[in-house]
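Quick note, the sequences are listed as chains R and Z, same order. Residue numbering for the first sequence follows our numbering, starting at -14 and increasing by one per position. Residue numbering for the second sequence follows our numbering, starting at 984 and increasing by one per position.
If you're looking for bench data, these hints aren't it; they were derived computationally from the structure. Please note that the accuracy of each hint is not assured.
To be verified - Within a straight-line C-alpha distance of at most 20 Å, the following computed EDC-like cross-link-like pairs (lysine to aspartate or glutamate) qualify:
1. Z:K1041 to R:E67
2. Z:K1085 to R:E67
3. Z:K1046 to R:D116
4. Z:K1046 to Z:D1075
5. Z:K1008 to R:D35
6. Z:K1034 to Z:D997
7. Z:K1085 to R:D40
8. Z:K1010 to R:D116
9. Z:K1047 to R:D35
10. Z:K1047 to R:D116
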Amino acid sequence: MPDWLAHVLFAYVLCKVLGIRFKMFNNENTVIVMVGSLIPDVVKVGSIFDLFGIDVWDYIYPSHTPACSLLVAGLVSLLFYESAVVFLLLVLGFTTHYMLDFLMGHVSGGMLLLFPFSWDGYQLGLIQCDDYMITLILMIMTVVVYAVTNDEINTQR
Amino acid sequence: MVSIYGIVINKSCDGFYILIEHGPKSKIIKVLSNLDVDNGDRVEILGVLQKDEITPEKIIVYKKWSYYSIFIRSAIAIPIVVYVFFKYWTFDFKEMKFRRRKNA
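Please put together the full structure from these sequences, using the hints given.
Pasting the structure below:
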């Protein structure tokens, strides 16, 4: 996985770019997409168990799949008044997560994108999971997008 | 051919040893490779495993500092998301649901 900062910034940049054309990607909805971009990493709960010497990875690994992310997004969206809209935004958010993770490479396997229908792993193998360059690039993109979109808003006023 | 992931715990003249953490079934494997690794580095290996020794065909090394920097960068994201979220959304304790702030 790229780090959470990369995931959140990627979701932000995407929403701000989409927001130029589609009004629904306002700041409130962008935040939901950013939250959604972290949903697949509920699997990292396993790290907490690691601290207590309990190995749960075999049980929770499937939570880093689109199928499980759909379930989590559904549950989280129930915590909102506009659950349908929030659900769709969360789905967009976790899709951005898998888009970034899809770039990564491991010695074998990859993401279980079609789980539970298939255990095949998919990966492009373009970056390593500890690669900070993608975070750096996204930080620069965030600053540029923020400057451009805020400038447009100020111009409209 | 197997794929394993572990932490480098020791080096030898013809390779290095990794600890594969798997709860009570943790195991130490010798990796026959002249790759330059340090203790604490994490490695992913695809190779042929024979008698607790693996001959790698493909290795990815995550340096110790680089691996932990992932967690630092991830930790930075948490307060940002929490702050921005509560800037635009608030929790309605009566209905136990989130709603948009009116004057966000």
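Structure-based check of all given hints:
The straight-line distance between the Cα atoms of K1041 (chain Z) and E67 (chain R) is roughly 48 Å, outside the 20 Å bound, and the hint therefore fails. Straight-line distance between C-alpha atoms of K1085 (chain Z) and E67 (chain R) comes to about 14 Å, which keeps the hinted pair within the 20 Å bound. A distance of roughly 11 Å separates the Cα atoms of K1046 (chain Z) and D116 (chain R); the hinted pair therefore holds under the 20 Å criterion. About 45 Å separates the Cα atoms of K1046 (chain Z) and D1075 (chain Z), which puts this hinted pair outside 20 Å; it is violated.
Restraint check for K1008 (chain Z) and D35 (chain R): satisfied, since their Cα atoms lie roughly 14 Å apart, inside the 20 Å limit. Of the supplied pair hints, the one linking K1034 (chain Z) and D997 (chain Z) holds, its CA atoms being roughly 16 Å apart against a limit of 20 Å. Proposed proximity of K1085 (chain Z) and D40 (chain R) is contradicted: the alpha carbons are some 45 Å apart, above 20 Å. Taking the CA atoms of K1010 (chain Z) and D116 (chain R), the gap is about 28 Å. The hint is violated against a cut of 20 Å.
Taken as a hint, the K1047 (chain Z) and D35 (chain R) pair is honoured in the structure, with Cα atoms around 18 Å apart against an allowance of 20 Å. With a CA separation close to 13 Å, the supplied pair K1047 (chain Z) and D116 (chain R) stays within the 20 Å bound.
Going through the hint list in order, the structure does not satisfy hints 1, 4, 7, 8.
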